[in-house]
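2 protein chains.
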Amino acid sequence: MANLKQLAQSLGLSITTVSRALDGYADVSAVTRERVREAADKVGYRPNASARRLRKQRAELVAVTLPSDPGHIGPPHFLDMLSGCAEHLATAGLNLVIAPVPRGESELDICRRFVDGRRVDAMLLVRTKRKDERVEFLQSRGIPFVTNGRTESLMPHPYIDGDGFAGFRAATLRFHAAGHRRIGHIAGPQEYYFAHDRCRGWRAAMEECGLATDLCAEGAPLEQGGYLAALELLRQPSRPTALVCATDEMAIGALRALREVDGGNQISIVGHDDLPMGAFTSPPLSTMRMTGEHLGASFASLLLRAIGGEPAEELQELHAIEFVDRDSHRRPLRAA
Amino acid sequence: MANLKQLAQSLGLSITTVSRALDGYADVSAVTRERVREAADKVGYRPNASARRLRKQRAELVAVTLPSDPGHIGPPHFLDMLSGCAEHLATAGLNLVIAPVPRGESELDICRRFVDGRRVDAMLLVRTKRKDERVEFLQSRGIPFVTNGRTESLMPHPYIDGDGFAGFRAATLRFHAAGHRRIGHIAGPQEYYFAHDRCRGWRAAMEECGLATDLCAEGAPLEQGGYLAALELLRQPSRPTALVCATDEMAIGALRALREVDGGNQISIVGHDDLPMGAFTSPPLSTMRMTGEHLGASFASLLLRAIGGEPAEELQELHAIEFVDRDSHRRPLRAA
DNA sequence: ACGATTGTCCAAAACGTTTTGGGAGTCAAG
DNA sequence: CTTGACTCCCAAAACGTTTTGGACAATCGT
Numbered sequence: 006m007a008n009l010k011q012l013a014q015s016l017g018l019s020i021t022t023v024s025r026a027l028d029g030y031a032d033v034s035a036v037t038r039e040r041v042r043e044a045a046d047k048v049g050y051r052p053n054a055s056a057r058r059l060r061k062q063r064a065e066l067v068a069v070t071l072p073s074d075p076g077h078i079g080p081p082h083f084l085d086m087l088s089g090c091a092e093h094l095a096t097a098g099l100n101l102v103i104a105p106v107p108r109g110e111s112e113l114d115i116c117r118r119f120v121d122g123r124r125v126d127a128m129l130l131v132r133t134k135r136k137d138e139r140v141e142f143l144q145s146r147g148i149p150f151v152t153n154g155r156t157e158s159l160m161p162h163p164y165i166d167g168d169g170f171a172g173f174r175a176a177t178l179r180f181h182a183a184g185h186r187r188i189g190h191i192a193g194p195q196e197y198y199f200a201h202d203r204c205r206g207w208r209a210a211m212e213e214c215g216l217a218t219d220l221c222a223e224g225a226p227l228e229q230g231g232y233l234a235a236l237e238l239l240r241q242p243s244r245p246t247a248l249v250c251a252t253d254e255m256a257i258g259a260l261r262a263l264r265e266v267d268g269g270n271q272i273s274i275v276g277h278d279d280l281p282m283g284a285f286t287s288p289p290l291s292t293m294r295m296t297g298e299h300l301g302a303s304f305a306s307l308l309l310r311a312i313g314g315e316p317a318e319e320l321q322e323l324h325a326i327e328f329v330d331r332d333s334h335r336r337p338l339r340a341a
Numbered sequence: 006m007a008n009l010k011q012l013a014q015s016l017g018l019s020i021t022t023v024s025r026a027l028d029g030y031a032d033v034s035a036v037t038r039e040r041v042r043e044a045a046d047k048v049g050y051r052p053n054a055s056a057r058r059l060r061k062q063r064a065e066l067v068a069v070t071l072p073s074d075p076g077h078i079g080p081p082h083f084l085d086m087l088s089g090c091a092e093h094l095a096t097a098g099l100n101l102v103i104a105p106v107p108r109g110e111s112e113l114d115i116c117r118r119f120v121d122g123r124r125v126d127a128m129l130l131v132r133t134k135r136k137d138e139r140v141e142f143l144q145s146r147g148i149p150f151v152t153n154g155r156t157e158s159l160m161p162h163p164y165i166d167g168d169g170f171a172g173f174r175a176a177t178l179r180f181h182a183a184g185h186r187r188i189g190h191i192a193g194p195q196e197y198y199f200a201h202d203r204c205r206g207w208r209a210a211m212e213e214c215g216l217a218t219d220l221c222a223e224g225a226p227l228e229q230g231g232y233l234a235a236l237e238l239l240r241q242p243s244r245p246t247a248l249v250c251a252t253d254e255m256a257i258g259a260l261r262a263l264r265e266v267d268g269g270n271q272i273s274i275v276g277h278d279d280l281p282m283g284a285f286t287s288p289p290l291s292t293m294r295m296t297g298e299h300l301g302a303s304f305a306s307l308l309l310r311a312i313g314g315e316p317a318e319e320l321q322e323l324h325a326i327e328f329v330d331r332d333s334h335r336r337p338l339r340a341a
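Protein chains in written order, with the numbering used here: chain A, 6 to 341; chain B, 6 to 341.
Derived from the structure by calculation, the hints contain no laboratory data.
Among the hints, a few may not be true.
One copy or two, it doesn't matter: identical chains are merged, so the pair holds either way.
Calculated lysine to aspartate or glutamate pairs in the DMTMM-like style (CA-CA distance at most 25 Å, straight line) [what the hints assert, rightly or not]:
1) LYS47 - ASP330
2) LYS61 - ASP121
3) LYS47 - ASP28
4) LYS61 - GLU265
5) LYS47 - ASP85
6) LYS10 - GLU265
7) LYS10 - ASP85
8) LYS47 - ASP114
9) LYS136 - ASP28
10) LYS134 - GLU110
11) LYS10 - ASP121
12) LYS47 - GLU138
13) LYS134 - ASP85
14) LYS47 - GLU315
15) LYS10 - GLU237
16) LYS47 - GLU318
17) LYS47 - ASP168
18) LYS136 - GLU65
19) LYS47 - GLU141
20) LYS61 - ASP168
21) LYS47 - GLU110
22) LYS10 - GLU65
23) LYS47 - ASP121
24) LYS10 - GLU43
25) LYS10 - ASP28
26) LYS136 - GLU322
All chains should be built: construct the whole structure from the sequences, respecting the hints.
The following block contains the structure:
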């Protein structure tokens, strides 16, 4: 309701002094400072955000782009993560705006709009591709950003990611140790880093074990994609006895496929993401998930440090992946 | 990179003319307009958002508060809804910021910060209480807002809500028609409008059928709350044969309780929200959900119209609730 | 030929802050 | 009495737009 001018007038002080008093400068006497603060409290003065932003040349905003294509938006903890991130950012005076990508526009367009319009101080990118044009753009503009997921960019950039390679390698080796020899992989679109990373992990384990790597089918990272990919693998002359799936959603699709072929309930399966749904499928879906608590806060912290100018190399977090032991990964292994 | 001044200078025009040319005023000749537009395109000029906001006295932002307490954040479609809302708002030049409530602060504090700091043009409120201090505050400030859920506020305000009363009444009558006589209700915290509304629906149906309304237990709107409430009802001397639950999450908790008492699998149950999880429980959870597509767009539209000054009475949407017929609501009815 | 109208353009003000670069006044030291 | 340091305060500039209220020619109606 009140602006600085009115507040200053009512106090018989200059705008400058009031402003500095509120900011706690030593420049203004303690008694004046207190007087100003009380008056400000009384009228409920809050600086006009737009004015401050203009003057300080900071938008006080961070944007996160929400991919619309394919498969909704990440796991359901995603909103919790965003919420945690926003909460942490708020303590530094930054707000988080969500920027969904309308159809007909690319994520790059969104970045351009936000960056060139000086609407944000930094950006949060999710669902990185191996070669990600958003990353290249932001790097060329010199805007701080953090990605959820790595890229193959030559220039390093801040990220938080799960070690999909190690996780999927370990899961595959676990199947091998349990006696499986025909271990299939249901892969996500390989242009996404996470999908490629996880596929590489499976492949590496297979090669280490001296097994063929032809039991691999790719699909959209959705229930339907997993379903179709699973059917494809089940048509092979030599069926897999275990399936390592790039995502839980795909794994759930695969479970549906398994139910439709006979003997399918004999096939072990594991997914990744730890969807709450997985606890209720039959059999309950074993899965994997990135370790680490308060991921949202981590993202926020990296963003703030990136804005603060810390070099990208120091702003990279690779988290281990842990196995969530339910039931679907240990179907009895039929004699070959 | 470029601001209006530089662009004007390079064109040999005044700032005024360039600004108006870009805004398409008839004030500037077609040829000049084109010349300006081309130059702007070439250097990738975008008006500085903070400057425009200050000058136009509009924040170009809408905030949505994300409740942290209890039970995460609404149904999982919630993020989809936000995404749709943000997308629609973006076409009007507004961005959506998410404002989680840090512990130690109330949602009212958040509203205050956003409103008094002129950070937003409007607000989106979710999880309304029957007597909601946020609503009262925003009304007193005259800030446009839309709620997800009604309140008992005397002054009307824009909202979108599902008709929980009708939905729960209908569900209860459905059980009655199927022969049930001891129909219990697992209620959410009654200070929330939705919980109270649904409870009233159940109660109304029971009274219409001439049945006692004592089979009602309240709990937190979480799995655990539903579990405990269900146990409470199962301890009654005369057990319910059917349960109408305020939310799916509570219903899933109730299912767990039913599994733990013998004969529990004979009890019919229905929830509300249509959680994806519900499709995988055993038995698959029958549920209810608000009808209507593109809810996010509806919210955005109401917000824009509220900002435009339309009276609240014309900005209220009450959606019917539809029954989602899975399996859990028709357990065989034992002879009484 | 004259005022009125129209078509282009612009200088300056305004939005509400933060920050720069001092200006008084006081006090102590020289 | 001057000088410098220190304390407390302030006027004015700056941030980059949009908008107000014309200015100046050219065209039109009579």
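Which earlier hints turn out false for this structure, listed by number in ascending order?
1, 4, 5, 6, 7, 9, 14, 15, 16, 17, 18, 20
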